[in-house]
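Trainee: With the sequences and hints as input, model every part of the structure.
There are 2 protein chains.
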Amino acid sequence: MTVDLSEGAGRTVPTLASIAERVGVSVNTVSRALRAPNTVRIELRRRINAAMEELNYVPNRLAGGLSGTRSDIVGVVVTSLYYSEFANIIDSLQLALLEHDLQVMLANTRYNADQELRLVRSILSWRPAAVAIIGVDHPPKVVELLKAAGIPIVEMWDTGGDVIDTAVGFDHASVGAAQANHLIAQGYRRLAFVGSVRENDKRAQKRLSGLEAAATKASLPDVVKHTAQQGGNPELGERLATELLQSHPEIDAIACNSDVVAFGVLRALRKLGRRVPEDIGVIAFGDNEAASCVSPSLTTVRPDRERIGKLTAEAIVSRINDVTPYTTLVEWELIARESTSRMPPPSPS
Amino acid sequence: MTVDLSEGAGRTVPTLASIAERVGVSVNTVSRALRAPNTVRIELRRRINAAMEELNYVPNRLAGGLSGTRSDIVGVVVTSLYYSEFANIIDSLQLALLEHDLQVMLANTRYNADQELRLVRSILSWRPAAVAIIGVDHPPKVVELLKAAGIPIVEMWDTGGDVIDTAVGFDHASVGAAQANHLIAQGYRRLAFVGSVRENDKRAQKRLSGLEAAATKASLPDVVKHTAQQGGNPELGERLATELLQSHPEIDAIACNSDVVAFGVLRALRKLGRRVPEDIGVIAFGDNEAASCVSPSLTTVRPDRERIGKLTAEAIVSRINDVTPYTTLVEWELIARESTSRMPPPSPS
DNA sequence: TGGCATAAAGTTACCGTTAACGCAACGATC
DNA sequence: GATCGTTGCGTTAACGGTAACTTTATGCCA
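If you read the sequences in order, they're chains H and S. First residue of the first sequence: 1, per the numbering used here; consecutive thereafter. First residue of the second sequence: 1, per the numbering used here; consecutive thereafter.
There's no promise every hint is true.
No more than 25 angstroms apart at the CA atoms, straight line, and that leaves these computed lysine to any residue pairs for SDA-like [stated by the list, open to error]: (1) Lys271/S with Ser295/H; (2) Lys310/H with Ala113/S; (3) Lys141/H with Asp101/S; (4) Lys310/H with Lys141/H; (5) Lys271/H with Arg275/S; (6) Lys271/H with Val224/H; (7) Lys147/S with Pro59/H; (8) Lys271/H with Ala185/S; (9) Lys147/S with Leu329/S.
Quick caveat, the hints were computed from the structure, so don't treat them as lab data.
Mentor: As C-alpha cells, this is what we get:
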C-alpha cells in the first residue's frame, strides 16, 4: 500500500526545513523568501533560491493550506465531460484561474444526484477557495453543504430560480422559445423534440418547456416529444428520429437537445428519404464544432462557453475579494444554417 | 482579501474536535470512527455519526493528507481540453478513480512547454498520490521533477521512447503508416498532410513521420505538408486545404491531423468542386463524434479513449500498490468510411 | 550620545488530522 | 487466581507550513 520510492529515491522530499538547514537560516525566513521576498535581504534570498533550485524544492500546499488562510483550490463540478459540452468551459475557466494561481479540482456527476452529493462533499473536504458548479438546481443537501462552506459558489450555465450565491449563465427556456420561433418563422408547423433529457438535466427540461410554451402561444399542435435517459450521441438521434417519424409522419420540424443527437437525426432523415430543410427542418443546441460541416449544415444555438468560463473565473476572484454576489447573463446566438432554411432570405429592399 | 463568511455563517466549520466535544470522546476516537469503524463500539459509532450528520461535518483532507501517508489526489496533466480530444479520457479516468476515492486535480498545458513545467510543479505541490500526463516527451526539468516526486507517473496517449515510469498508449508512427497504407490501397498516390502540428505536439509529429515513411517505402513522391501552429478547427482545415490545392493541384489524398480539421477540408473540397472520394481521398485521426455524420462520412483512426482512461486508472492503482512499472499498448482502429472508398470492396469470394 | 523607528531574522504557537503508543477493563486459559 | 491477549479508548507527537510576536542589528535625528 505504500508508495514506491525505489531506485535511489530513498532520500526524502525536501521541506522548508531542509532548505533552512542548508542555508543556515530559520524555517520562517525561507518561507518569507517565498511569500514576501522583499522582507529578506537580497543576497540571502539568492542563496535560498539557489538551495531550492538545487534540491528541487516544491512547496507543500497541503501544509500551506492547512496553516494559512488561503487554499488556492477551486472545485469545479460538471455534469458531463463527454464530447465538448462542458470541456471548453473548463478550458477557459482553468486558463483564467491560472493567472490567479488557482488550481482546478475536477468532479463529474454524470447527471447523477447521488454522485453530485458525494462529489461536492469530496470537493469541500479539500477546503477549496471557491466552487464552480454546473446548473442552479441541486439536491437540498448539496445546497446546504455549499452554503455552509462559507466560500464563494458560482453556478454556471443556467440562471434563474434560487441562486446560492453567484451565477453566470443564460435562460434556457428562452433558448427553447427562440428555437420554436425560428422554426415557425421558417414555416414549420408540426414540431417535435428529440434527444437525451435526463432526470437531472434541468437545463434540457427548461429548453423543452420554452419550446412548448412558444408553440402553444403560436397556436400550434402539441410538440411531440421522444426522449431518452441515456447520454446523447448520433446513434441515439438516429434511432429516436426513425421511431418518431414512424409514429408521427406528420412532423415537419425536429428540435434536438444537442447537436450530437441532431447529427444522427440528419442521418436518419437521409436514410428515410426526407429532404432537409424542404420536408423537415432540424434545429439543435450546442454549436458543436462539426455543426457547420455536416450537410445540410445544422441550425443551432451557440452558447458562449469560453465567455462563461472566463466570467466564472472573474466572479470567483471578485467574490473572494468580497464583492457582493451577482448574476451575469451570458449571450447566446441562434445560428441559422441550411437545416432550417426553407424560407428565402428576406429581400434586402 | 478574506473569504466572505457573511449572513450568520459566523460559526466556524466543524472539526473532529467539535464532534469529539459534542459526543464526549477524544478526537482520535472520532477519527477512528471514520477510518476504521470496527474499532469503535457500535453504539458510540452511531452517536458519532449522528453528531457528524447534525453538524454537517466534512473532513479536512488537507490536514489528513499532511498528517497521514495517503493524499488521494491524482494530478492529471493534459495538453488540450478543446473539443473532445482528451475530454473523454479524463471522463473515464475520473470515473474509474472515483471507485478508489481518488480525486482528479486538472491542469492543461495547451501544448506549451513552459506552462507544462509550471503546472507540473503546481500539481506536485499538492503532494498527489500519482500523476497522469499526456505524452512521453517532456522537458528535462519536468521529467526530473516527476521522477524526484517518488510517486507513480503514468504517461498516457503515447508510448515508446523514454517512459518515466508507466505508460498507457499507442504508437503514433504506426497510425501514420496505417493511414498512408490505407490511402495507397485505395489507389491514391500523391499524398498531402494538413493540420495543426504544434512544436510540442510530438504525437502529431510522429504520425506525420509514420505517414512519410510509409509513402517513401511505397516509392511515392514526397508527402506535401501544409501545417500550422495554431489549434485545429474546421476553419483552419478549410484554409489549409484551399491553399494546398492552389499550390499543389496534383494532390489526390489528404491526411489530416485531426477530424475537426478534416471537417473543414471536406468543406473546402466541396467549394472547390473536387469530388471526395473520387478525385481526392481524405483521412483523419481522432474519431470525432461527428465523423460518421458528415458527408462524405470521414475515414479516420479511432483511438480507444475510454480504455486509455480506464487503464490509466488501473495503472495508477497498481503502481500505488507497488506493482512494477509497465507499458500497456492500447488498440486503435482505422475506420474506413466514404471519404476514402475509391476502390470497390474486395469481392467476398 | 541617547532615543527611537525600522529592517531583518528568529521563536513560538497553532492549523486539523493521523499514527504510534499507553493503559484500563474484560474474558479466556491453565 | 495470576497470566495474557483483546478490545476500546485516550495521550501525545508529528506532518510542513504560516502568522503573530519577539529579538537583534542598523540608521537617523535631535
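Trainee: For every hint, state whether the structure bears it out.
Mentor: Hints versus structure:
A C-alpha spacing of about 13 angstroms is found between Lys271/S and Ser295/H, which places the hinted pair at or below 25 angstroms, so the restraint holds. Between the alpha carbons of Lys310/H and Ala113/S the distance comes to roughly 23 angstroms, so the proposed pair stays at or under 25 angstroms and holds. With a CA separation close to 20 angstroms, the supplied pair Lys141/H and Asp101/S stays within the 25 angstroms bound. Of the supplied pair hints, the one linking Lys310/H and Lys141/H is violated, its CA atoms being roughly 28 angstroms apart against a limit of 25 angstroms.
For a cut-off of 25 angstroms, the pair hint linking Lys271/H to Arg275/S stands: about 21 angstroms separates their Cα positions. Restraint check for Lys271/H and Val224/H: the C-alpha separation of about 21 angstroms stays at or below 25 angstroms, so the hint holds. Between Lys147/S and Pro59/H the CA atoms are separated by roughly 16 angstroms; this keeps the pair inside 25 angstroms, and the hint holds. As the CA atoms of Lys271/H and Ala185/S are separated by approximately 29 angstroms, the hinted pair breaks the 25 angstroms bound.
Proposed proximity of Lys147/S and Leu329/S is supported: the alpha carbons are some 22 angstroms apart, at most 25 angstroms.
Of the hints listed earlier, those the structure fails to meet are numbers 4, 8, in rising order.
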